[in-house]
Each structure stands twice: as C-alpha cells, then as structure tokens.
Amino acid sequence: MTNHYIDLMNSDCILMMGSNPAENHPVSFKWIMKAKEKGATLINVDPRFNRTSSKSDLYVTMRSGTDIPILGGMIKYILDNDLYFKDYVVNYTNASFLVNPDFGFKDGLFTGFDAQGRSYKKDTWTFQMDEQGIPKKDPSLQDPNCVFQLMKNHYERYNLDLVNDISGSPKDKLEEFYKIYAATGAPDKSGTIMYAMGWTQHSVGVQIIRAMSMIQLLLGNIGVAGGGVNALRGESNVQGSTDQALLFHIIPAYMPTPRANLPTLEAYNATTPKSADPKSANWWQNRPKYIASLLKAMYPAQDPATSYNFMPKLDAGQNCSWLVLFDHMFQGKFKGFFAWGQNPAGCGANSTKTREALSKLDWMVVVNVFDNETASFWKGPNVNPAQTKTEVFVLPPAVFCEKEGSISNSGRWIQWRYTGPKPLGNCKPDGDIAYELWEKIRDLYAKEGGAFPDPILNLNSKDIATNHVFDAHKVAKLMNGYFVTDKVIGDKTYNAGTQVPSFAFLQDDGSTASGNWLHCGAYTEAGNLMARRGKEQTEMQANIGLYPNWAFCWPVNRRIIYNRASCDPQGQPYAPQKAVIKWDGSKWIGDVPDGGWPPSERHPFIMRPQGYGQLFGPGLADGPFPEHYEALECPFEEQPFSSQLNNPVALVFAGEEEHRAVCDPRYPFVGTTYRVTEHWQSGVMTRWTPWLLEAMPQNFAEIDPELAQLRGIKNGDKVIVENMRGAIECVAMVTPRLQPMMSMGQKLHMVGMTWHFGWVHPKDGGDSANLLTPSVGDPNTGIPETKTFMVNIRKK
Amino acid sequence: MKLGRREFIKLSATATAVTAFGGLGFNLQPTVARAQLLRLNWAKETTSICCYCSVSCGLIVHTSLEGQGRAINIEGDPDNPISEGSLCAKGASLYQLTENENRMTKILYRAPYSNKWVEAPWDWALDRIAKKVKEARDETFTEKNDQGQVVNRTNGIAHIGSAALDNEECWYLQALMRSLGLVYIEHQARI
Numbered sequence: 002m003t004n005h006y007i008d009l010m011n012s013d014c015i016l017m018m019g020s021n022p023a024e025n026h027p028v029s030f031k032w033i034m035k036a037k038e039k040g041a042t043l044i045n046v047d048p049r050f051n052r053t054s055s056k057s058d059l060y061v062t063m064r065s066g067t068d069i070p071i072l073g074g075m076i077k078y079i080l081d082n083d084l085y086f087k088d089y090v091v092n093y094t095n096a097s098f099l100v101n102p103d104f105g106f107k108d109g110l111f112t113g114f115d116a117q118g119r120s121y122k123k124d125t126w127t128f129q130m131d132e133q134g135i136p137k138k139d140p141s142l143q144d145p146n147c148v149f150q151l152m153k154n155h156y157e158r159y160n161l162d163l164v165n166d167i168s169g170s171p172k173d174k175l176e177e178f179y180k181i182y183a184a185t186g187a188p189d190k191s192g193t194i195m196y197a198m199g200w201t202q203h204s205v206g207v208q209i210i211r212a213m214s215m216i217q218l219l220l221g222n223i224g225v226a227g228g229g230v231n232a233l234r235g236e237s238n239v240q241g242s243t244d245q246a247l248l249f250h251i252i253p254a255y256m257p258t259p260r261a262n263l264p265t266l267e268a269y270n271a272t273t274p275k276s277a278d279p280k281s282a283n284w285w286q287n288r289p290k291y292i293a294s295l296l297k298a299m300y301p302a303q304d305p306a307t308s309y310n311f312m313p314k315l316d317a318g319q320n321c322s323w324l325v326l327f328d329h330m331f332q333g334k335f336k337g338f339f340a341w342g343q344n345p346a347g348c349g350a351n352s353t354k355t356r357e358a359l360s361k362l363d364w365m366v367v368v369n370v371f372d373n374e375t376a377s378f379w380k381g382p383n384v385n386p387a388q389t390k391t392e393v394f395v396l397p398p399a400v401f402c403e404k405e406g407s408i409s410n411s412g413r414w415i416q417w418r419y420t421g422p423k424p425l426g427n428c429k430p431d432g433d434i435a436y437e438l439w440e441k442i443r444d445l446y447a448k449e450g451g452a453f454p455d456p457i458l459n460l461n462s463k464d465i466a467t468n469h470v471f472d473a474h475k476v477a478k479l480m481n482g483y484f485v486t487d488k489v490i491g492d493k494t495y496n497a498g499t500q501v502p503s504f505a506f507l508q509d510d511g512s513t514a515s516g517n518w519l520h521c522g523a524y525t526e527a528g529n530l531m532a533r534r535g536k537e538q539t540e541m542q543a544n545i546g547l548y549p550n551w552a553f554c555w556p557v558n559r560r561i562i563y564n565r566a567s568c569d570p571q572g573q574p575y576a577p578q579k580a581v582i583k584w585d586g587s588k589w590i591g592d593v594p595d596g597g598w599p600p601s602e603r604h605p606f607i608m609r610p611q612g613y614g615q616l617f618g619p620g621l622a623d624g625p626f627p628e629h630y631e632a633l634e635c636p637f638e639e640q641p642f643s644s645q646l647n648n649p650v651a652l653v654f655a656g657e658e659e660h661r662a663v664c665d666p667r668y669p670f671v672g673t674t675y676r677v678t679e680h681w682q683s684g685v686m687t688r689w690t691p692w693l694l695e696a697m698p699q700n701f702a703e704i705d706p707e708l709a710q711l712r713g714i715k716n717g718d719k720v721i722v723e724n725m726r727g728a729i730e731c732v733a734m735v736t737p738r739l740q741p742m743m744s745m746g747q748k749l750h751m752v753g754m755t756w757h758f759g760w761v762h763p764k765d766g767g768d769s770a771n772l773l774t775p776s777v778g779d780p781n782t783g784i785p786e787t788k789t790f791m792v793n794i795r796k797k
Numbered sequence: 067m068k069l070g071r072r073e074f075i076k077l078s079a080t081a082t083a084v085t086a087f088g089g090l091g092f093n094l095q096p097t098v099a100r101a102q103l104l105r106l107n108w109a110k111e112t113t114s115i116c117c118y119c120s121v122s123c124g125l126i127v128h129t130s131l132e133g134q135g136r137a138i139n140i141e142g143d144p145d146n147p148i149s150e151g152s153l154c155a156k157g158a159s160l161y162q163l164t165e166n167e168n169r170m171t172k173i174l175y176r177a178p179y180s181n182k183w184v185e186a187p188w189d190w191a192l193d194r195i196a197k198k199v200k201e202a203r204d205e206t207f208t209e210k211n212d213q214g215q216v217v218n219r220t221n222g223i224a225h226i227g228s229a230a231l232d233n234e235e236c237w238y239l240q241a242l243m244r245s246l247g248l249v250y251i252e253h254q255a256r257i
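Listed in order, the protein sequences are those of chains B and X. Count along the first sequence starting at 1, add 1, and that's the number in my numbering. Count along the second sequence starting at 1, add 66, and that's the number in my numbering.
No lab work stands behind these hints: they were computed from the structure. Errors might be hidden in some of the hints.
Stated by the list, open to error - Distance ranges between label pairs, derived from CB positions:
no.	chain 1	residue 1	chain 2	residue 2	range
1	X	E209	B	K275	28 to 34 Å
2	B	E695	X	D212	52 to 58 Å
3	X	D212	B	K719	50 to 56 Å
4	B	D58	X	N181	53 to 59 Å
5	X	L131	B	K448	41 to 47 Å
6	B	Y419	X	Q162	16 to 22 Å
7	B	Q388	X	N139	46 to 52 Å
8	B	P577	X	L131	51 to 57 Å
9	X	D212	B	S601	18 to 24 Å
10	B	G318	X	N139	49 to 55 Å
11	B	G318	X	E209	17 to 23 Å
12	X	Q213	B	E695	57 to 63 Å
As the list claims (entries may be wrong) - Below are the DSSO-like pairs computed for lysine-lysine, each with C-alpha atoms no more than 27 Å apart in a straight line:
no.	chain 1	residue 1	chain 2	residue 2
13	B	K280	B	K588
14	B	K423	X	K110
15	X	K200	B	K390
Claimed, not checked - Which chain X residues face chain B? A few, computed with CB under 7 Å, are given here:
no.	residue
16	S152
17	T171
18	V184
19	I195
20	K200
21	F207
22	T208
A quick note: this is a predicted structure, and the numbers were derived from the prediction, not measured. No residue lacks a Cβ here, since even glycine has one placed at the ideal position from N, Cα and C.
Work out the full structure: start from the sequences and follow the hints.
The structure is reproduced here in structure tokens:
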C-alpha cells in the first residue's frame with residue numbers, strides 16, 4: 002500500500018475492485034465504514050454480489066477478466082470529459098514527455114514484438130532526450146508524440162458500447178461509476194483503490210493494476226490522504242517476507258538478484274539507475290550503499306567485492322518463479338525441496354501437477370503447524386506410497402505467539418510481537434530451526450569440505466544467535482544496520498558497533514552493515530522502534546490518523562509515500578482539510594516527507610529515475626499501456642479490441658496448450674476462486690480450528706439459479722466441478738448473488754469455489770479448487786491465472 | 067498519568083462489568099469481575115499481532131503463570147490504533163489455534179516407499195537433512211553456466227515459504243538459502 006489501513010477513513014470514494022475486504026480483510030472495513038459515515042461513496046465492482054457489495058453505495062457487476070476494458074473505459078471518460086487534475090498531471094506525471102517517434106501500437110501489439118520468443122524488444126519504448134539527457138517535454142500536452150496524446154489515442158477504442166459488450170457491465174452503472182470516481186480529480190478530493198488477488202491472479206494482472214495507477218495519477222490521487230494504490234496483501238507478513246526477498250528475482254529491500262552477466266560488484270553497480278535531471282532525486286542512485294551494506298550483513302568477514310562472489314547468480318533472463326519452479330520439479334530437476342510454512346499441494350495453481358511433482362523429489366522438508374496435503378502427499382488420493390520415493394521430514398514450528406519478532410502489514414507498519422507461552426511440545430521457532438540447520442550444514446562442510454564451502458562457512462552467525470539460539474533482537478538490529486568501523490559523518494563520529502540512525506548513513510565501502518535498508522531506523526540506539534505503542538500526534542497528524550509513534554513504518558517512518566505530490570509546487574497542500582505534509586516556510590510538517598528538500602527542488606516520485614509518475618510505463622514485459630486480452634482459458638475465439646485473443650507474452654509452458662479449454666463445449670462455464678472469512682488460504686490452520694470448521698465445514702460451488710436449473714442442480718446437492726486438469730466434489734450453493742451475463746452475444750454462467758479445503762482434513766470437506774486452475778501466468782510477475790478459467794459442473 | 071483503555075480496565079475491572087451487564091436483570095458483576103481479575107492476576111500478559119490477514123490487528127495474549135504455562139486467553143487489543151480491539155472470526159479463534167491437540171508437536175519422518183510416519187528426535191532429523199542438503203548441493207552445484215560465466219549456484223534444491231514467519235526469520239532464511247546457493251526461492255507473494 003502507498004497508504005495504510007487507517008488512512009482509508011480520509012477517502013471521498015473507495016473503489017473495491019479485485020478485492021472483497023468485508024470478507025477477506027474484515028477489520029479494514031472499520032475504516033471503510035468510517036469514511037462512509039463521513040460522506041464517502043463506496044463502489045464495488047465484482048463478478049459476484051458479495052459482502053463488500055452489500056455495504057457499497059454502488060455495485061457494478063462484471064465478467065471475470067474484463068478489468069482492463071472497464072478501467073480503460075474510465076481513462077477514456079476522464080480524458081474525453083477533461084476531468085483530470087491538470088496541474089498534477091503536467092507537473093508530477095510523465096504525460097508531457099515526448100516518446101520515441103518509432104514507438105507504435107497496432108492490432109494488439111506494441112512495436113518490437115518477437116513472436117518466436119514470445120517477448121518484446123523494448124528499444125522503441127523510450128523517450129526523446131535533450132542534449133543534457135533529460136526527457137523532452139511539451140507541457141501543453143498537445144504534441145502528437147507526447148505521452149498524453151498517445152494515451153488518449155490508445156484508449157479511444159475503449160468506448161462505452163464496447164466496454165459494456167465485453168464486460169457485461171450495464172452501461173448506466175458504468176457511467177455512474179466513472180462519474181463518481183472521476184469526481185475525485187478535484188484538487189481537494191481523493192479516491193482510493195483497494196485491490197487484492199482479484200487483480201493479481203490474471204495473465205494481465207500487472208497491467209490491470211497499472212491501468213488503475215494511471216487513473217490515480219490522472220486524478221491526482223497518489224501521495225494524498227485517502228488516496229493511493231493499495232494492495233491488500235493476503236498474509237500477515239507477506240509484505241515483510243517480500244521486503245526480505247524470499248523470491249527469486251530480488252534480494253532484500255527490492256534490489257535485483259545478481260545475474261551471471263554482472264560478474265562483479267562493480268558491474269552490478271554499473272546498472273544503478275541514473276538520471277541527468279538535477280531535480281530528480283532518483284533515490285535508487287544510492288543502491289551501491291545498500292548492496293554493500295547487505296553483503297556486509299550476510300558476510301561480515303569479507304569485503305563486499307569478495308562476498309558478491311558468494312551470491313548465487315541467475316543466468317540473464319532466467320525465470321525461477323513459482324510456476325517455473327514446479328514445472329522443473331515436475332520434470333524431475335530437483336533432488337531436494339523445502340516447503341516452509343506453505344502448502345503448495347493446495348495453494349498453488351494446477352495443484353494436480355504440483356502433487357505429482359512432489360513425487361519426483363528425493364527428499365522434502367515440510368515445516369508446518371498442522372498436517373497438510375503437501376506433507377502427506379505420498380498417501381493422498383491416487384498415490385501409491387510403495388511407488389513413491391520421496392523421503393519426507395516434517396518439522397513442527399512454534400506458532401506466532403510462542404516467539405518474539407516483527408511483522409509488516411500491508412500499510413508497511415512493522416509491529417513487534419512478544420512471546421506468550423513457550424513453544425508447545427517439541428516445537429521450535431522457525432528461526433531456531435533455520436539456525437540449527439545451518440550449524441549442522443556448516444559443521445559438515447568444515448569437516449568434509451565440498452562444493453564452494455565459503456558462503457556457508459562465512460555466513461554471519463554472531464549477529465544471528467546467542468548461545469546457539471536464534472535471537473530476533475540481534476537480527477532486527479542487523480537488519481537496521483550498524484557501523485562496522487569508526488566513521489566520521491559531518492561533525493559527528495560514529496563508533497564501530499553503533500546502530501545506524503537511518504539509511505542516509507549507509508556507505509558503499511563496507512564500513513556499514515545493514516540487512517535491509519528499508520528497516521533502517523527501526524532498531525537504532527534509541528531502541529526497538531517497532532515495539533512502540535505511543536499515540537502522541539500533532540493536531541495535523543491526528544487529523545488524518547498517522548500515529549507516527551505507534552510501531553515503525555518503512556521507509557523512515559513515512560506513513561504515506563510519494564507525499565510530496567500532495568502539495569502544489571509551493572509546498573501547500575492541495576487538500577488543506579486533510580493535509581499530509583505542508584511547507585511552513587523553513588521545513589515540512591505533518592508526515593515524514595519524501596525527502597526534506599524545499600518545495601519544487603525535487604520531483605515527487607523519488608523512486609522513479611526521472612522523478613515522475615509513469616502514465617507511460619516502459620518497464621513492463623507486455624507494453625507501456627495496458628491493453629485488453631482475454632484469459633488464456635476463455636469462452637471466446639476472438640475479442641473485439643484486437644486480433645490478439647490472449648496476452649501475447651503471457652507465461653505458458655510448452656506442451657500444455659492442448660490442456661487449455663478455449664471454446665471447448667465440454668467446459669462451458671467460467672470458473673473462479675475466492676476465500677471466506679472463516680478460512681485462510683489453503684486452510685491448513687483454519688481447517689484444524691474447530692470453531693472455524695463448524696462455521697464453514699466444506700467446500701462449495703456457487704452458481705446462479707438459471708445454471709442450477711440448466712444442470713438439474715438444487716441448493717445443497719453434491720456436485721462435481723471438473724476440467725481437463727482435475728475434478729472436485731463439493732456442495733452446490735445456488736444463489737442469486739451470481740447472475741448469468743451477456744457478453745459478446747453469449748450468455749455466460751460462472752462457478753465460484755474456494756481453495757480452502759483439502760483431503761487431509763476434514764474428512765468430507767472436499768478438495769482444493771486449485772486442482773482445476775491452470776499453470777499460466779502474468780508475464781511480469783509469473784502470478785498464476787487462477788481467477789478466470791473454464792470448467793463444467795454436474796450433479797453427482 | 068494517561069491511561070490506555072486496557073490499563074483503565076485493569077484498574078476498574080469490577081466497575082466496567084456493572085455497566086456491561088446491568089440490563090440482564092441479575093447481577094453478573096462478581097463473576098465477570100473475578101474472571102477478568104483471574105486473567106490479569108494469574109497470567110502473563112503480552113501483546114501480539116494476528117497471524118492471518120495483512121491488516122495486523124492487535125492482540126493481547128494471556129499465558130498462565132502456573133501449570134504448563136499455556137495460553138489461557140487471546141483477545142483483541144483495544145489500544146492498537148489499527149484494529150481498536152476488533153477481530154474477525156479467524157482472529158477471535160486464535161486461542162484454539164495455539165492450544166490445539168492436532169498441532170504438530172513432534173518430528174515426523176517418512177522413509178522412501180514407506181506407508182507410514184515414524185517419530186524422530188530433532189538431532190537425528192536435522193543431521194539427516196543437513197546430510198541430504200550437502201549431498202544434493204555438492205552434486206548439483208554449478209560454478210559456471212553454459213556461457214562460462216561464474217554463477218555459483220545450486221540447481222538441485224528449491225525452497226518455498228514463508229509469509230507466516232517473522233521478518234527476522236524471513237531475513238535469515240533468505241540468507242541461509244542463498245548461502246547454500248539456491249536460486250529457486252519463492253513464496254506466497256507469487257501466488
């Protein structure tokens with residue numbers, strides 16, 4: 002989230018699309034209702050009338066997978082009716098930038114498409130530069146090659162008739178939606194978006210979010226109270242685990258993973274983002290300090306240039322994301338596998354394939370609180386243990402309140418948790434398990450030698466454990482960082498061992514160690530700021546609920562990021578009644594500003610090399626402007642926006658095309674997945690909690706009454722939902738919350754299921770809907786397309 | 067002295083109970099007050115944050131100072147400004163997650179081609195996992211790729227998880243896996 006949960010109360014219009022917060026982030030609704038009480042309009046756009054819809058002022062139905070047409074239609078509406086926030090768009094976005102005249106778009110394809118490689122060569126997705134190397138601009142926004150005009154031209158096709166035809170959303174509802182939301186383009190108004198996996202889990206997921214980000218930029222809604230682009234993360238610490246980079250493509254705090262074509266730290270640092278514009282903060286220019294400090298945190302005895310060699314390197318262009326990982330496992334490419342606090346046999350797309358992949362391993366280590374479909378896969382349905390070689394270890398971890406440490410919520414607030422009871426039975430905190438395992442592996446390498454033992458033998462342990470036991474305080478201090486050698490900065494000397502006060506003090510020469518530059522300031526010489534419980538606020542802070550003395554928020558306790566964009570070029574807030582920051586003539590007051598420079602000295606989007614919000618986004622794999630493509634499994638052979646039916650660069654796997662249902666009469670209904678309040682993810686924790694299981698005992702298939710009649714299904718009947726990947730049995734829930742929908746001349750029905758259940762427990766709960774979802778994904782993130790696929794439903 | 071709402075309850079457990087149950091026609095005051103005081107006097111009180119969704123509602127965990135030292139109550143923390151004491155159905159059931167007879171409390175081991183679990187001690191399990199890691203690593207470690215570039219990676223081991231861990235654990239886990247040379251490192255954020 003650019004903003005945070007409490008900030009929702011400051012909004013004039015809350016759009017909930019691709020999320021169902023009343024069901025899945027229930028306590029966030031406290032702040033949504035607070036906004037409503039204060040006069041905000043709540044809008045919900047969703048294929049199903051759900052708990053969020055029931056509290057919304059406006060509900061707009063839609064066909065699953067048509068978010069880009071709907072949002073593209075809004076972009077067109079805003080531009081056609083001159084409803085954008087002109088000063089913001091001209092001063093703070095790249096609308097005025099002149100694009101390379103060779104850039105183009107034709108029939109669903111941007112310039113540079115390589116059909117064989119299923120990718121784009123992006124050399125025309127660039128800006129025209131002046132002699133200083135700064136993008137040329139036309140602040141009048143009239144130049145035919147400026148971003149604004151190209152965008153206008155791109156969305157010219159997204160007219161109301163077409164959007165209505167493809168999405169099935171009624172025209173009058175769409176118009177009402179556009180009108181209400183676009184009104185937040187007034188300088189003193191703000192609108193916000195709350196999205197979740199309803200947007201990410203599509204083969205065009207990133208572009209859906211980009212389309213909304215463009216709307217937020219056009220309306221001046223980023224950096225302001227009650228605005229922003231707000232991802233509702235699915236797990237309590239998925240924000241933190243992402244910040245710590247338990248992902249293939251990044252190392253902690255969003256630095257790219259070293260690649261084979263960057264063999265030295267010097268070569269890595271040569272790729273540091275650059276800007277020739279003296280008014281661009283280009284914050285990532287500091288990256289060499291952050292990687293040197295990270296390497297020093299991991300390997301304290303080596304200088305960073307040496308320990309860079311300890312980091313495993315990806316080949317240039319290598320993708321190891323989730324679906325690829327399980328595809329390689331399926332092909333038998335791995336010997337060993339750790340499933341640490343996750344149940345891929347139920348939570349990942351195409352779990353049928355995942356379950357089979359597990360049988361190709363030599364060994365697997367599962368760390369989980371309860372038995373689950375991954376740990377016990379070898380005795381699952383249709384598996385013969387006598388033919389399954391995988392050696393399995395199941396390690397019991399402590400639960401959240403049996404250990405100490407911090408977690409980060411979606412709003413980037415890092416809060417501290419204390420130890421209540423000691424770990425039950427033989428359980429151990431995950432940190433202890435990891436640390437003890439390292440000691441054992443280190444001892445083996447120390448004794449026997451082996452392949453390149455240096456990274457293992459030299460991994461930091463002094464800042465990790467005390468008396469061989471994992472120490473969360475030590476690690477939190479290491480993540481904040483400290484001076485490795487005495488250092489004079491300004492007129493002050495910082496002795497070796499002193500905690501760094503903030504990331505501004507980190508160095509690129511190995512004289513500081515910091516495990517995560519975004520955590521700098523969280524555990525300083527002043528103590529553990531994540532554990533703070535202060536509620537003191539200035540009147541200005543209290544007005545928008547910033548709570549700067551409660552816990553810690555990355556970066557530098559800034560609660561609303563890009564907040565310099567909430568003020569005009571003189572530093573005065575566009576919305577004085579809910580100001581985030583304000584220049585008082587000598588300094589900024591309110592929230593921690595995005596850099597202390599006086600107004601207008603720096604462009605507000607400090608993480609972008611040019612300093613501007615990107616209406617034209619050349620960094621993505623599938624184009625600088627979002628474009629509609631159908632899901633890889635869809636009920637249509639063609640679509641009206643172009644002759645490209647699907648995202649031409651979507652992540653797909655060779656040999657699986659024939660297992661996809663496009664206009665396949667055997668699988669005529671659109672399948673989708675969702676969650677319920679009473680359960681969580683693949684259900685490992687909640688299915689074993691009797692109160693929750695009693696409230697929601699089994700999987701269901703939600704269908705509309707007309708489909709029920711068509712298939713002779715009554716509410717409560719046992720049904721089979723199936724496609725070429727698998728079949729699940731569940732209970733039919735026939736409800737008018739779903740309605741058949743007309744789209745491009747076809748009447749479409751939807752089947753909605755949860756993925757909370759699995760065969761291990763309870764006995765008659767049914768199995769995961771992910772047995773049916775396809776292994777195809779977004780080209781930027783690799784996130785699987787589990788929100789739109791094709792199925793059949795029949796009575797059992 | 068400024069009192070948080072929770073501190074206020076501590077000082078006036080009996081007084082607050084009266085208003086809450088005043089309309090029932092019978093007096094619950096002594097029972098409720100006694101329950102609240104038991105919780106406060108015979109338990110360690112720690113704050114925590116819910117382990118389910120990403121809103122991060124505040125919790126108060128009461129742990130018995132007697133017996134096995136187990137949790138006796140988990141409820142919303144009214145002082146937490148994000149949740150102000152509220153919890154959803156999942157958050158309200160956290161006591162049952164913690165004190166649950168079906169939790170894994172022992173190491174389970176399944177040998178290749180076996181049809182059953184056997185229990186194992188920590189030392190044995192970690193020793194064997196360490197040995198398997200070393201074998202797989204040594205066999206699949208790749209110093210240079212096909213182009214002759216140094217990559218220093220272990221192609222034969224993959225890791226997934228975990229958004230369920232604390233930040234400090236996540237940081238160490240990525241450091242450990244990367245020190246082993248893993249590049250197939252993924253977790254919940256990808257799905």
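How the hints compare with the structure:
no.: 1; hint: X:E209 - B:K275: 28 to 34 Å; in the structure: 32 Å, holds
no.: 2; hint: B:E695 - X:D212: 52 to 58 Å; in the structure: 56 Å, holds
no.: 3; hint: X:D212 - B:K719: 50 to 56 Å; in the structure: 53 Å, holds
no.: 4; hint: B:D58 - X:N181: 53 to 59 Å; in the structure: 58 Å, holds
no.: 5; hint: X:L131 - B:K448: 41 to 47 Å; in the structure: 44 Å, holds
no.: 6; hint: B:Y419 - X:Q162: 16 to 22 Å; in the structure: 20 Å, holds
no.: 7; hint: B:Q388 - X:N139: 46 to 52 Å; in the structure: 48 Å, holds
no.: 8; hint: B:P577 - X:L131: 51 to 57 Å; in the structure: 53 Å, holds
no.: 9; hint: X:D212 - B:S601: 18 to 24 Å; in the structure: 51 Å, violated
no.: 10; hint: B:G318 - X:N139: 49 to 55 Å; in the structure: 53 Å, holds
no.: 11; hint: B:G318 - X:E209: 17 to 23 Å; in the structure: 20 Å, holds
no.: 12; hint: X:Q213 - B:E695: 57 to 63 Å; in the structure: 58 Å, holds
no.: 13; hint: B:K280 - B:K588; in the structure: 18 Å, holds
no.: 14; hint: B:K423 - X:K110; in the structure: 12 Å, holds
no.: 15; hint: X:K200 - B:K390; in the structure: 19 Å, holds
no.: 16; hint: S152; in the structure: 5 Å, holds
no.: 17; hint: T171; in the structure: 3 Å, holds
no.: 18; hint: V184; in the structure: 11 Å, violated
no.: 19; hint: I195; in the structure: 6 Å, holds
no.: 20; hint: K200; in the structure: 5 Å, holds
no.: 21; hint: F207; in the structure: 4 Å, holds
no.: 22; hint: T208; in the structure: 9 Å, violated
Of the numbered hints given earlier, the model fails hints 9, 18, 22; all others are met.
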